[in-house]
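Peer 1: For reference, the chains in residue letters:
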Amino acid sequence: MKHEFSKEHRQYLARGRRNLALVWILRIGILALLLGIWEMVTAFGCVDPFLTSSPSRIAKTIASLYLDGTLFYHIGVTLAETMIGFVIAVAVGCAVALLLWWSETIRKTLEPYIVVLNALPKIALGPLIIIWFGTGSEAIVFMTVLVGVIVATLHMLNAFMATDENKILLLRSMGANKFQILFKLVIPSSLPSFISMLKVNVGMAWIGSIMGEYIVSRAGLGYLIVYGGQVFKLDLVMSATCILCVLAAGMYALVALLEKLLVKDAKS
Amino acid sequence: MKNEILRFENVSLTYHTRRGETTAAENLTFSVREGEFVAIIGPSGCGKTTLLSLAAGLLVPSSGEVTRHGTCGYMLQKDELFPWRTIEKNIYLPLEIARKNTAERRKRAVELAQKYGLGDFLQSYPPQLSGGMRQRAALIRTLAAEPDILLLDEPFSALDYQTRLNVCDDVAAIIRSEKKTALLITHDISEAVSLADRVIVLTKRPARVAYEHDLDFNEETRPIKRREKQQFSAWFERLWKELNA
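In the order they appear, the protein sequences are chains A and B. Under my numbering, the first residue of the first sequence is numbered 6, with each subsequent residue one higher. Under my numbering, the first residue of the second sequence is numbered 5, with each subsequent residue one higher.
Hints are computed from structural coordinates only; laboratory data are not their basis. For clarity, every value in this text was computed on a predicted model and none was experimentally measured. Just so you know, even glycine gets a beta-carbon here, dropped at the ideal spot from N, CA and C. Keep in mind that the hints are not guaranteed to be accurate.
[To be verified] Beta-carbon label-pair distances, calculated as ranges:
{"hint": "1", "chain 1": "B", "residue 1": "126", "chain 2": "A", "residue 2": "163", "range": "27 to 37 Å"}
{"hint": "2", "chain 1": "B", "residue 1": "126", "chain 2": "A", "residue 2": "38", "range": "52 to 62 Å"}
{"hint": "3", "chain 1": "B", "residue 1": "93", "chain 2": "A", "residue 2": "39", "range": "47 to 57 Å"}
{"hint": "4", "chain 1": "A", "residue 1": "267", "chain 2": "B", "residue 2": "238", "range": "52 to 62 Å"}
{"hint": "5", "chain 1": "A", "residue 1": "188", "chain 2": "B", "residue 2": "61", "range": "20 to 30 Å"}
{"hint": "6", "chain 1": "B", "residue 1": "61", "chain 2": "A", "residue 2": "163", "range": "28 to 38 Å"}
Whole structure, please, built from the sequences with the hints as guidance.
Peer 2: Right, dumping it as C-alpha cells:
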C-alpha cells in the first residue's frame, strides 16, 4: 500500500516522523544537560557535593547498595507495599462508588463523611495507624489505601453519575432493570474514567507508601530517604529518589499499556 | 375498525418538585390503532416527551389510564448508539435486555439491517458512520425487538436539513414496509403532515387534545412526494393556525 501514497502524503508522514524524533532528542538532551551541569558544578567545586550529591556519587551509591545485596530488597519492599495498597484502594473505591451510585439514600447519607475524609490530611492518622497496625508493612499498606481510596471513590462516582440520561431512558424503554443498566451501560461507559482514575491513583499510591515509610518503617525506599536525611548522607537520599522516579514512571507506563488494551474505541 | 394498540383515557399527569407542582397533561384522550401512523404536534414545552414516557410505561399517570397492547420501541432525538459496541452489537441490545437473544432473532435483526443498507457497516463502530446512517441504525435497533408500536420522539431534529429529509423518507419507507404502528411526537408541522395518517394537535401546557385530523393524501405515503402535493400546504397552514390559536 505504502508506495501508492501521493508525494504530499509521504512528505506529511516524514514531517510527523521528524517531529517525533526531534521531541525525543530534546527530551534526552534536557536530561543529559541537567545531569552534565550537576556533575560539572560539583566536580569544579562550585557547590559542595555533600549538600547536593552528584550523578556520579548517586551511581556509586546505587552500585554499593547493589553489591551489599540490599538494593532490590528495599525496592521490593516499597514496590510490594505500593502495589498492594494501590490494588486494594482501587477495588474498594470502585465497590463503594457502585454502592453510592446504586442508592440515592446511601449517597446522600454518606456525603458529609466522604467530604470530611477527603479533606482530612491522612498523615494526621499516623500515630493511630502505628498503634493499630504496628510497625510492619501492614501499617504502610493501610496508609497507601487510605490516601488512594477516597480519590478512587469520588472519581468513579462522578463517572457513574455522568452516564447519559437519554441512554438510560432508552434502556428503560426496552424494559431494562437496574442491573442491566449497570452492566450494559454504566460500567462500559465509565471505562475511560476508570483508566484516568488509575493514572491519578498511581501517584496517590506512591505518596501513601512513602509517607507511610516516613512514619514507620525498617526497610524500603522511604526508609532509605529518612535514614539518609538523619545521618546526612544526601547521596542515599538522592539515590532513593531517583529510583522512585524510575519506578513511578514504570507503573504509569503499565497503566498506559492497559489503556491501549482496554479502550478500543475506533475513532479513525 | 382495527384493534387499538395504545389508548389514553382521561390521562392527567402532575409533576412534583420542591418548588411546587406542574400539570403537564390534563384529560388526554386518544388512541392509536394497529398499522396507523399517528403524529402528535404541540407548542414547544407542552410536555411531548412526557407523553411518550407515559406511552412507554416509564411514567404512571396521576389519574386516568394508559392501556397498551403489546411491546413498544422508543426512538429518541439522538441515535444513542453505544460507541463501544459495533453496529451489529448495538442492534442486538434490545434482544439482550429482553432476554430474547436467540440465534433466530439475531439472524432476523441482521437481515433487517442488510435489507435497509446497513449490511456493510455491521462491524463498524458508530463514530465511523454519518448522522443519517446512525439514525437508520437506531431505527433498526428499535425494530430488532419487534415492537408492536414505535414511539418516535422528534427522531430527525438532531440532523441537518438535507439529511433530515432523506432520513425522514427512509424511516417512513421502512416503517410502512414493515407495517409497523407508529406514534410520532414533534413540533415540526411539515414532518407531521408528510409522515402521518392522522395528526393530533395539543394545546399549551397542560396538554389537552385540541384537534384531531385524518390526513387524506390518496394513499401517498412517501414524505418527499407528499411535500409536492397541493394538500400539503393547505394542511400546513391549517395546523399552523391551530397551533398558534
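Peer 1: Now look at each hint and say whether the structure bears it out.
Peer 2: The hints, checked one at a time:
no.	hint	in the structure
1	B:126 <-> A:163: 27 to 37 Å	holds, 34 Å
2	B:126 <-> A:38: 52 to 62 Å	holds, 54 Å
3	B:93 <-> A:39: 47 to 57 Å	holds, 50 Å
4	A:267 <-> B:238: 52 to 62 Å	holds, 58 Å
5	A:188 <-> B:61: 20 to 30 Å	holds, 22 Å
6	B:61 <-> A:163: 28 to 38 Å	holds, 31 Å
Consistency with the previously given hints is maintained throughout, with no hint failing.
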